[in-house]
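Q: Chains F and U, in that order, give the protein sequences. By the count of the working numbering, the first sequence reaches residue 110 at its end, each step adding exactly one. By the count of the working numbering, the second sequence reaches residue 116 at its end, each step adding exactly one.
FYI, nobody ran anything at the bench for these hints, they're computed from the structure. No experiment lies behind these values; they were computed from the predicted model shown. Every residue gets a Cβ at the ideal spot worked out from N, C-alpha and C, and that includes glycine. Keep in mind that the hints are not guaranteed to be accurate.
The following residues of chain U were derived to be distant from chain F, with all beta-carbon distances above 10 angstroms [what the hints assert, rightly or not]:
{"no.": "1", "residue": "Pro-2"}
{"no.": "2", "residue": "Gly-16"}
{"no.": "3", "residue": "Ile-20"}
{"no.": "4", "residue": "Ser-27"}
{"no.": "5", "residue": "Asn-28"}
{"no.": "6", "residue": "Lys-42"}
{"no.": "7", "residue": "Asp-62"}
{"no.": "8", "residue": "Arg-69"}
{"no.": "9", "residue": "Gly-72"}
{"no.": "10", "residue": "Ser-81"}
{"no.": "11", "residue": "Leu-84"}
{"no.": "12", "residue": "Glu-96"}
Here chain U is said to cover these stretches of chain F; the calculated rule only asks that three of the stretch's residues, wherever they fall, bring their Cβ under 8 angstroms from a Cβ of chain U [stated by the list, open to error]:
{"no.": "13", "region": "39 to 49"}
{"no.": "14", "region": "97 to 107"}
With a Cα cut of at most 30 angstroms, we get these calculated DSSO-like pairs of lysine-lysine [to be verified]:
{"no.": "15", "chain 1": "F", "residue 1": "Lys-77", "chain 2": "U", "residue 2": "Lys-78"}
{"no.": "16", "chain 1": "F", "residue 1": "Lys-60", "chain 2": "U", "residue 2": "Lys-42"}
{"no.": "17", "chain 1": "U", "residue 1": "Lys-42", "chain 2": "F", "residue 2": "Lys-56"}
{"no.": "18", "chain 1": "U", "residue 1": "Lys-78", "chain 2": "F", "residue 2": "Lys-56"}
{"no.": "19", "chain 1": "U", "residue 1": "Lys-57", "chain 2": "F", "residue 2": "Lys-52"}
{"no.": "20", "chain 1": "U", "residue 1": "Lys-42", "chain 2": "F", "residue 2": "Lys-68"}
{"no.": "21", "chain 1": "F", "residue 1": "Lys-56", "chain 2": "F", "residue 2": "Lys-102"}
{"no.": "22", "chain 1": "F", "residue 1": "Lys-52", "chain 2": "U", "residue 2": "Lys-42"}
{"no.": "23", "chain 1": "F", "residue 1": "Lys-68", "chain 2": "U", "residue 2": "Lys-57"}
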Amino acid sequence: GDSVTQMEGPVTLSEEAFLTINCTYTATGYPSLFWYVQYPGEGLQLLLKATKADDKGSNKGFEATYRKETTSFHLEKGSVQVSDSAVYFCALGEDDKIIFGKGTRLHILP
Amino acid sequence: EPEVTQTPSHQVTQMGQEVILRCVPISNHLYFYWYRQILGQKVEFLVSFYNNEISEKSEIFDDQFSVERPDGSNFTLKIRSTKLEDSAMYFCASSERDSFFTGELFFGEGSRLTVL
Numbered sequence: 001g002d003s004v005t006q007m008e009g010p011v012t013l014s015e016e017a018f019l020t021i022n023c024t025y026t027a028t029g030y031p032s033l034f035w036y037v038q039y040p041g042e043g044l045q046l047l048l049k050a051t052k053a054d055d056k057g058s059n060k061g062f063e064a065t066y067r068k069e070t071t072s073f074h075l076e077k078g079s080v081q082v083s084d085s086a087v088y089f090c091a092l093g094e095d096d097k098i099i100f101g102k103g104t105r106l107h108i109l110p
Numbered sequence: 001e002p003e004v005t006q007t008p009s010h011q012v013t014q015m016g017q018e019v020i021l022r023c024v025p026i027s028n029h030l031y032f033y034w035y036r037q038i039l040g041q042k043v044e045f046l047v048s049f050y051n052n053e054i055s056e057k058s059e060i061f062d063d064q065f066s067v068e069r070p071d072g073s074n075f076t077l078k079i080r081s082t083k084l085e086d087s088a089m090y091f092c093a094s095s096e097r098d099s100f101f102t103g104e105l106f107f108g109e110g111s112r113l114t115v116l
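Just chain F, same shape as in the assembly (with noise of 0.2 angstroms):
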């Protein structure tokens, strides 16, 4: 079935770095990809999303772009913040559910 793959964390960064968390998926139709962040004592909220190939979802700084031909979507930020610690899950939807990655947890250092 479905599935999706992000790298193991937990990533640990000083404020102002560049942050990439890679994630990939598998898929047999074409879903849509979603980043959903979760921060500390509160509930999953979406990021951003994209529905098709090449497009790019953005918000809050962050930016990732659906790529068909490598089956990625990884989330990026040029700067991260110590706000930004949380932790980051990958998604595709399919059907009328979502399928979510493990999580990787970012630690911003100030």
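Since the structure of chain F is provided, determine the placement of chain U on it from the hints.
A: Then chain U, alone, in the frame of chain F:
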């Protein structure tokens, strides 16, 4: 801002006991979901619920599991006879439209279940 609330935040139970996890979805949402995450593993889909019936369920969601929307506001997940491997964080989510189209599920903070 409207939010999904879940209770309890943490429940410890003995193997074989029944557990009910409760969720209050956002009031105008029509689609409801339960997911779970075993420590260190993926967030796994359990079940989706629409129009007072299950619309899809995973192979995890066997006869030990059931869902109910008893009073138009609560959405519950019942595990009839808990097993050790049911220990996980259980997330409730809701959406206004079919999540396939929008991708936007609104999640609660989760209920941690520990089975001893």
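Q: Evaluate each hint against the coordinates.
A: Against the structure, the hints:
No Cβ of chain F approaches the Cβ of Pro-2 of chain U within 10 angstroms, the least distance being about 12 angstroms, so the stated non-interface status holds. No Cβ of chain F comes within 10 angstroms of the Cβ of Gly-16 of chain U; the nearest lies about 29 angstroms off, and the non-interface call holds. The claim that Ile-20 of chain U is not at the interface with chain F holds, since no C-beta of that chain comes within 10 angstroms of its own (minimum 19 angstroms). Consistency note on Ser-27 of chain U: stated as away from chain F, and its beta-carbon is indeed over 10 angstroms from all of that chain's, at 16 angstroms minimum.
No Cβ of chain F approaches the Cβ of Asn-28 of chain U within 10 angstroms, the least distance being about 17 angstroms, so the stated non-interface status holds. The claim that Lys-42 of chain U is not at the interface with chain F is violated, since a C-beta of that chain comes within 10 angstroms of its own (minimum 5 angstroms). With a least beta-carbon separation of about 17 angstroms from chain F, Asp-62 of chain U lies farther than 10 angstroms from that chain, consistent with its non-interface assignment. Even its closest Cβ contact with chain F, about 17 angstroms, leaves Arg-69 of chain U beyond 10 angstroms, as expected for a residue assigned away from the interface.
Its beta-carbon lying about 21 angstroms from the closest one in chain F, Gly-72 of chain U satisfies the requirement of being farther than 10 angstroms from that chain. The non-interface label for Ser-81 of chain U is consistent with chain F: the shortest C-beta to C-beta separation is roughly 26 angstroms, beyond 10 angstroms. The beta carbon of Leu-84 of chain U sits about 21 angstroms from the closest Cβ of chain F, which is more than 10 angstroms, so the claim that it is off the interface holds. At the 10 angstroms boundary, the C-beta of Glu-96 of chain U stays outside the reach of chain F, the nearest C-beta of that chain being 13 angstroms off.
With 7 residues bearing a CB less than 8 angstroms from a CB of chain U, the region 39 to 49 of chain F meets the requirement of three and the coverage assertion stands. Residues of the region 97 to 107 of chain F with a Cβ under 8 angstroms from some Cβ of chain U number 7, which satisfies the need for three, so the listed coverage holds. Note on Lys-77 of chain F and Lys-78 of chain U: the hinted pairing is violated, with a Cα-Cα distance of about 40 angstroms set against a maximum of 30 angstroms. A C-alpha spacing of about 25 angstroms is found between Lys-60 of chain F and Lys-42 of chain U, which places the hinted pair at or below 30 angstroms, so the restraint holds.
Of the pairs offered as hints, the one joining Lys-42 of chain U and Lys-56 of chain F holds, with about 25 angstroms between alpha carbons and a cut-off of 30 angstroms not exceeded. This hinted pair does not check out: Lys-78 of chain U and Lys-56 of chain F have alpha carbons roughly 40 angstroms apart, beyond 30 angstroms. For the suggested pair Lys-57 of chain U and Lys-52 of chain F, the alpha carbons sit about 26 angstroms apart, so the restraint of at most 30 angstroms is met. Restraint check for Lys-42 of chain U and Lys-68 of chain F: the C-alpha separation of about 23 angstroms stays at or below 30 angstroms, so the hint holds.
Restraint check for Lys-56 of chain F and Lys-102 of chain F: the C-alpha separation of about 22 angstroms stays at or below 30 angstroms, so the hint holds. As the CA atoms of Lys-52 of chain F and Lys-42 of chain U are separated by approximately 24 angstroms, the hinted pair is consistent with the 30 angstroms bound. Proposed proximity of Lys-68 of chain F and Lys-57 of chain U is supported: the alpha carbons are some 28 angstroms apart, at most 30 angstroms.
Checked against the numbered hints above, the structure violates hints 6, 15 and 18; every other hint is satisfied.
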